[in-house]
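The listed protein sequences correspond, in order, to chains A and B. FYI, this note's numbering numbers position 172 of the first sequence as 197, with every residue one higher than the one before it. FYI, this note's numbering numbers position 51 of the second sequence as 61, with every residue one higher than the one before it.
Everything labelled a hint here was simulated from the structure, so no lab data went into it. One should not assume that every hint holds.
Stated by the list, open to error - Across the chosen pairs, the derived CB separations fall in these ranges:
| id | chain 1 | residue 1 | chain 2 | residue 2 | range |
| --- | --- | --- | --- | --- | --- |
| 1 | B | F182 | A | N105 | 46 to 54 Å |
| 2 | A | N626 | B | D149 | 26 to 34 Å |
| 3 | A | A631 | B | L122 | 19 to 27 Å |
| 4 | B | K162 | A | L556 | 47 to 55 Å |
Please read these numbers as outputs of a predicted model, since none were measured by experiment. Yeah, the Cβ is synthetic: ideal placement off N, Cα and C, and Gly gets one too.
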Amino acid sequence: MSRQLVGLNKFLLTLLLLFSVFVRGQEVLTNYEKQYNKTIANSPERFEIAGKYAQALFFNAQQEKAFRVLNQNIHLAEKNRDAKNAAYLYAILAMNYRLEENQSASKFALEKAKLYSKQTSSNEIKGYVKYCEGWLNVRDHQEAKAVQNFLDASNFYEKANASPTLLARTSSVYKELTSIYSNWDEYELQEKYSRLSLEIALKQNNPNSIFEAYMVVGNLYEQQFILNQKNIYLRDLAEKYYTFAIETYNKNKNDIPFPSNLSFVANNLANLYLHFYPKNYREKAITYAELAKNVGYETGQTNHIASAYGLLAEIAIENNDTKTAKDYLLSSLKEVNNSTLVDSQIVLSIYQSLTNIYETEGNYKEALRYHKMFMHTFKSVYNQEKLQISKRLEAQFDKERQQQQMIRLELESDKKEQQIKLMHSLGIQQKQDLENIKLSEEFQKKQLKLSYLEADKKNQELTISQQNLRLSKLENKTRKQELSQYIQNLNYKDKLNKYYFASILFCIVLLGLLLYILTQRNKRLKQREELHSLELEKERQNSKISTLTALLEGQEQERARLARDLHDGLGGLLSGTKIQLSHLNEKIEGETKSDMEKSINQLDGAVDELRRVAHNLMPDLLLKYGLEEALKEYAIRVSNPNLEIDVQFLSYKNSLHQEQELLVYRIIQELVNNAIKHANASQIIIQFVEDEKQYTVTVEDDGKGFDIKQLNQSQSAGLHNIQSRVEFLKGQIQVNSEINLGTSIEFHFPKNLS
Amino acid sequence: MIKIALTDDHPLLLEGLKNILNNQEQLEVIGCYSNSTDLQNALINNHIDILLLDINLADYNSIELISPLKKNYPETKIIMLSVHNEYAVINSCINEGASGYIQKNASVDEILDGINTVNKGNKFLCSQTKIVLDKKEKDGLNTIPKLTRREKEVLAVAALGLTTQQIADKLFISTHTVDSHRKNLIEKFKTVNLSSAISLALEYGIISKTQ
Chain A
26 MSRQLVGLNK
36 FLLTLLLLFS
46 VFVRGQEVLT
56 NYEKQYNKTI
66 ANSPERFEIA
76 GKYAQALFFN
86 AQQEKAFRVL
96 NQNIHLAEKN
106 RDAKNAAYLY
116 AILAMNYRLE
126 ENQSASKFAL
136 EKAKLYSKQT
146 SSNEIKGYVK
156 YCEGWLNVRD
166 HQEAKAVQNF
176 LDASNFYEKA
186 NASPTLLART
196 SSVYKELTSI
206 YSNWDEYELQ
216 EKYSRLSLEI
226 ALKQNNPNSI
236 FEAYMVVGNL
246 YEQQFILNQK
256 NIYLRDLAEK
266 YYTFAIETYN
276 KNKNDIPFPS
286 NLSFVANNLA
296 NLYLHFYPKN
306 YREKAITYAE
316 LAKNVGYETG
326 QTNHIASAYG
336 LLAEIAIENN
346 DTKTAKDYLL
356 SSLKEVNNST
366 LVDSQIVLSI
376 YQSLTNIYET
386 EGNYKEALRY
396 HKMFMHTFKS
406 VYNQEKLQIS
416 KRLEAQFDKE
426 RQQQQMIRLE
436 LESDKKEQQI
446 KLMHSLGIQQ
456 KQDLENIKLS
466 EEFQKKQLKL
476 SYLEADKKNQ
486 ELTISQQNLR
496 LSKLENKTRK
506 QELSQYIQNL
516 NYKDKLNKYY
526 FASILFCIVL
536 LGLLLYILTQ
546 RNKRLKQREE
556 LHSLELEKER
566 QNSKISTLTA
576 LLEGQEQERA
586 RLARDLHDGL
596 GGLLSGTKIQ
606 LSHLNEKIEG
616 ETKSDMEKSI
626 NQLDGAVDEL
636 RRVAHNLMPD
646 LLLKYGLEEA
656 LKEYAIRVSN
666 PNLEIDVQFL
676 SYKNSLHQEQ
686 ELLVYRIIQE
696 LVNNAIKHAN
706 ASQIIIQFVE
716 DEKQYTVTVE
726 DDGKGFDIKQ
736 LNQSQSAGLH
746 NIQSRVEFLK
756 GQIQVNSEIN
766 LGTSIEFHFP
776 KNLS
Chain B
11 MIKIALTDDH
21 PLLLEGLKNI
31 LNNQEQLEVI
41 GCYSNSTDLQ
51 NALINNHIDI
61 LLLDINLADY
71 NSIELISPLK
81 KNYPETKIIM
91 LSVHNEYAVI
101 NSCINEGASG
111 YIQKNASVDE
121 ILDGINTVNK
131 GNKFLCSQTK
141 IVLDKKEKDG
151 LNTIPKLTRR
161 EKEVLAVAAL
171 GLTTQQIADK
181 LFISTHTVDS
191 HRKNLIEKFK
201 TVNLSSAISL
211 ALEYGIISKT
221 Q
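This is chain B alone, in the form it adopts within the complex (with noise of 0.2 Å):
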């Protein structure tokens, strides 16, 4: 019997969980806790395999409960059930311990397996949230830098071999923002100097050398 309690600040919602999942065999619904204080008493009292956390409590963002519940009760494994689908926030459950992360429009199949898979000791995340960390996966991976027209503007004459003040003549603005886009190019490309930004912008067709 997988042990489980439930939490969240919705009566149906608990409602309806919990017979849903006191009809599967080897589960077993301890006790449903609208808020964090509930929560920290049953605890105590009881072993629970697995926690399916809300966020939103009624007393408590409970992404900050995450570390603390780790670490007085190491054996429980929490799956975050919440509304949210932004990857900011899954993103800092999971940093803070979470087991898995279901979202709260997910079937009922999708939750039962989550229980499972995390109760054997793996992670688990619902087909959504895979979709917003994979998205976020592949923005990162994006590493052609947008660059926006004035900085393009800033590069082409400075691919010229232009100084800050030739640069600042010809576009007619100050050194003083020349400066500025040449630290910001820098950072977007991520290199050291601009020469080298330079190199990278040729060779990914930011820039052309006939310019």
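Okay, chain A solo, but in the shape it has when bound (with noise of 0.2 Å):
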């Protein structure tokens, strides 16, 4: 029976692998260079058809040029503020790498891919980047993963924006999805998929994406059909569907540059009707073989040409003609051979019926090299595809591998001496020894039964966790009711509560108001308040400095009284005095004479303090000559012979008003002091300079000089006394003082003072 199944299915094609075959030709290649070409650099147009561009270029055997586009694009991507042009390529890249077998290059272009698709908004990148990932699962063989990440590819699909690029995006998400369900035999998941991307290639009216969906449909119902072979209805749908192809096909020839999936739906839709049919479909069955063959040598895929190779030889062999059966097998073998991508599935048939063939023929020989040959090939595969289900048992394994070898090198060295000592017993140990090879072959065939159930235990597992995800999902709708319901509660009260709510606001609003307008009437009053205080403040101020006025006023007028009694008075009375005296000594002899003499100039002495005291208190000339005079003879009166005085008036019109005058004497005598008296100066420049707008004063000695920030309190109080004084004048002073230079003070006040 096992056999028979095996029969059966021989040369039946799988999808597995399809989809990786991205378009190809050159016409298309073409078609990409000239678009990407008129796009301009950096442009969110050029980097969506580098992407299309180097896929085309990569299998157009252009690998190098198409890591290089991409390459570039993705540098000047990098740099976009938008992301998902950097996803987008970074996912093409990871899916080259992969093809290319650079495992550690493509996880990193993975890497950068995901990376950049969290910073984008688009999901559509972010599915891309997500199908991207599932694409790269599924050939790993982590399909469980890729499964996750196709679903999440498709969620975001669905939120996506419409753009021209989704459906296909979507459709491929469809079949990827489509393919491993029909793996897992996940029949009603492979169907609904394999629906979708049926309607989304409708929809795009993609007559090359039709072909396809068609194809994948009818595919399914055909694994259907063979699992469940009593149900014709599964086995009429697989060949409505696969007609459809066929029917689509021819119908859109021109549409459809590169038909490599044509003689795929051939070959299984011959072997449908060779298989399931009555032989009065045998015709058909020969036909639609054929036509895969021709096409199959078309588009140059092995796989296709052997495997119609081996339904035709199947018809030989029913028709009883070996011979003919014999030359489609061995040209199916030459072509596997000449190629390296092969379905071992297939090449197990061609090697197994090759040797039923040699068998029948009793050409023993040649049937033990088939089956050795098929023997080696299935070890391969079974090894393949044990490596990464059942390591466990892969120890296991060996041990019964090596012990089988044992046997068959025992076998074969028993064989031999046979051989040469019996020849006529060469049938009985042949026979022998294919049982015991069929014996191996069925243990190897319950190994791979295990290693299946465990496949659907794992299925199963997924299926229990899609459950909970259902369970999970009813729960949140029963919760979203309850919300919804919590929600009409929420509004009812809240209708309720609105009228209420608005006169509440109203009054709130009214209140408002009302403290608004307090709060701006006080805040005026302040105001005003604040103003009437600052009025009082500089009426204050205004009185003070009257009374300052005043008050210096009152004290200059009061040393100009004594001054004037102090020179006059005291002045003549102590020159009379002296007159009188002298006259006196004239009179007089002897010693009181010269004693008398003495007196005489003490008194001349007198007066000349009497005339520095009466200066200091008021310059008398100040008033009578002007502030040049009064500063001329001030000069003299201070100068010595270690200190010379210099004043100048340059530009001077004697405009000053007399209180202007006294003030500015009074500054310069103090400064003129402070020099003298802390600097030890040797010369002292005085200079006053009238201008159009106002009067510079600078009074400039050579003096110690001090550094300014070091004033000590009587030298800070004095310069404070100053500068009030110029502040008197509304004038501004300035204080340069170079250690052993010397110090320059110069302030200046305005005219046109009132």
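Take each chain as given, in its own frame, and dock them per the hints.
Following this line, the structure appears as structure tokens:
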């Protein structure tokens, strides 16, 4: 029975890797190249087309150029603010690396793509990166992960805004999902996604997509039928969709440039007609097998050619035409040997068929050879398949295999001995051999079944988790219902409350308005008060200034009176006394005369001292002769052989008010006093300059100088005194002093002082 | 006989001076007056050769009296007798037309000398007054102007041929200030432009060429 099953399915093709095949064809490539060169570098269009162009290059054996285009554009896209282009291009790069078998580079590119996809808001690109991850998962035999990523991708695509590429991308996801579910024999889901693919394909109105979708659906029903052969309905559905696919192709031959899958459909349809339809369908089977063969040669797909030959061979065997069958099988094998990409199932089938034919022909040597090749291929396939699923069994299996090999070796050596000794018993030995091998084969088959069972278990687990998901979705639904009920309640209460709320709001607004008016009024009052107090303060300051002015004036007047009294009164008196005394002295003789002379000289000193004091109190000259004369006189009086004082009046028109003159005189007097007292100066320059607008007074000495920051208290007090006088003139003072160079004090005050 | 009138608001001095002068043979003190009104009245009635005039009278600043007195009584010669030793005061008295200036603390001999000198038609200044005037004259002759440090800086930089704006930038002052300094320097050196001032400054050694 099992042998029959193998025989029935031997040349049936599986869809597993079909979707990895991207669009090929020189035309497509040149088309993309044109579009690519038309776009502007660093534009969204350029990035979009760059991905497609790179893929086209890649599948036209221009991998190097493909990587160059990708890397160039990635470099630009990474600088772009929108990360979606970078994510998209990295995703394509990851897939291309994977096809090049450069796993580490592929993984790196994928990580980059994921990173950028996080930064973009484009759901389509997020979906595309997920799709890419799933695609890579499939190729790493992590189908469970792949399903998760494809479902995520599909979710993103559902949320994405419509775009020209969205449908095609969604369709790719559905196709991948269909493929995986078909591997898992998840009939329902497989059907769902293949149907969805078909829907999208019809929506896209792309003949190629429609053809493929029909093919997938046909394949699905075919697989279902093979599992459940009593259900003729499934068989008919498979036949229907395969026929649709071929019809679609025939109608749109020009729009489907590369009919790579046509041979697949034709093969499977031929297989269907051959094995599951009555004998009168043989003609159709042959037609489609021939078609598959021809298209296979056209598109260079070894598997398809081999499979078609296999089918033709089977028909030949049925007709007892072993010679033709052998020819078919050998040409099939020839094709297989010319290619590296071969479906091992087909190779196995070929080997098995050849073995059977040689066996029936009685050519045991050839039969054994092909059987050995069958075994060898079978084992390698078995190893490949088992590697991922049953590592645990591997060791055990290896042991078994070794034992089997040992047995076989023994048997073979036995056989050789027997061949030399007993040529006639060859047939029996061979039979025994064959039985042995058959036994081991059955054992291996059991192992395979075990692994299938395990896979089933995993699938079941997955189904359970999916069920859990559904359960949680249901829970969510009930929660949503509860929520909506709650919201309705709330709405009702809201309506009730609305009236109260509105009235309360009105009251609050009214209150707020009142409060605002009140605060504004208060503020205005406060401002008025502040203004009033400011005015008061100003008034107070004014009165203070006037008091000060009066005080200063009074002081000066008092000083002037005192000075005049001293100078004229006391001075005159002293002068008179001196004249009187000197007159008397002329009459005196002897010792007293010299004493008298001394006293008269002391009187001279007294007059000098009196003059000095009087001058300091009030420079009489200032009132009568003005500032210039007064200052010059002052300079003469203060200067001595060790101290030169120079007074300069430049552009001076004698236009100062008397009060101003007095203030300036006092300031200069104070500055000169400081220079003499503190600076130990040998030269002092007093300079008074009149401009159009202002007066500038400079008092400069060549004394010790001082650090302005480190004035002692009395110095700074003196300076402060000067400063307040300058301020009284509405002027400004500037002090420059350098140690050992001297001090230069400059002050200026405006002219038109009322 | 030289007829003399005395004016002073100090009775003590008047008395002393009168005694001294009357003791001299050729001198005769006609009267002593403590205010200008009395003096004016006396002048109307008497001929006076020498008037010894104090600056501070009780009712008048007698410097202002000099000119009208000279005009009304050209024969009367005026000698100022004052406590003041300021150049401005002395100078204005002489400019007004006084023939002599004697400070009150001068010796009696000097006063007599002055009266005699003036009476002969000459001018007389007492020794202390002479000192004041001489000093002033010497200062006036001192033609090398005194410059402030800032002015020296401006001059030195200007000597390098910089423009006003460049000078201002270099010394961190405004162009207005530079202009003001320029004007002052021209006035101080009594030249017509700054370049002449610069060459004078170089000549006097106020600034050096290497700067």
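Right, here's what the structure says about each hint:
Checking the proposed 46 to 54 Å range against F182 of chain B and N105 of chain A shows it holds: the Cβ atoms sit about 51 Å from each other. Taken as a hint, the range 26 to 34 Å holds for the pair N626 of chain A and D149 of chain B, whose Cβ atoms sit roughly 28 Å apart. Roughly 24 Å separates the CB atoms of A631 of chain A and L122 of chain B, a value that falls within the hinted 19 to 27 Å. Judged by the Cβ atoms, the range 47 to 55 Å given for K162 of chain B and L556 of chain A holds: they are separated by roughly 53 Å.
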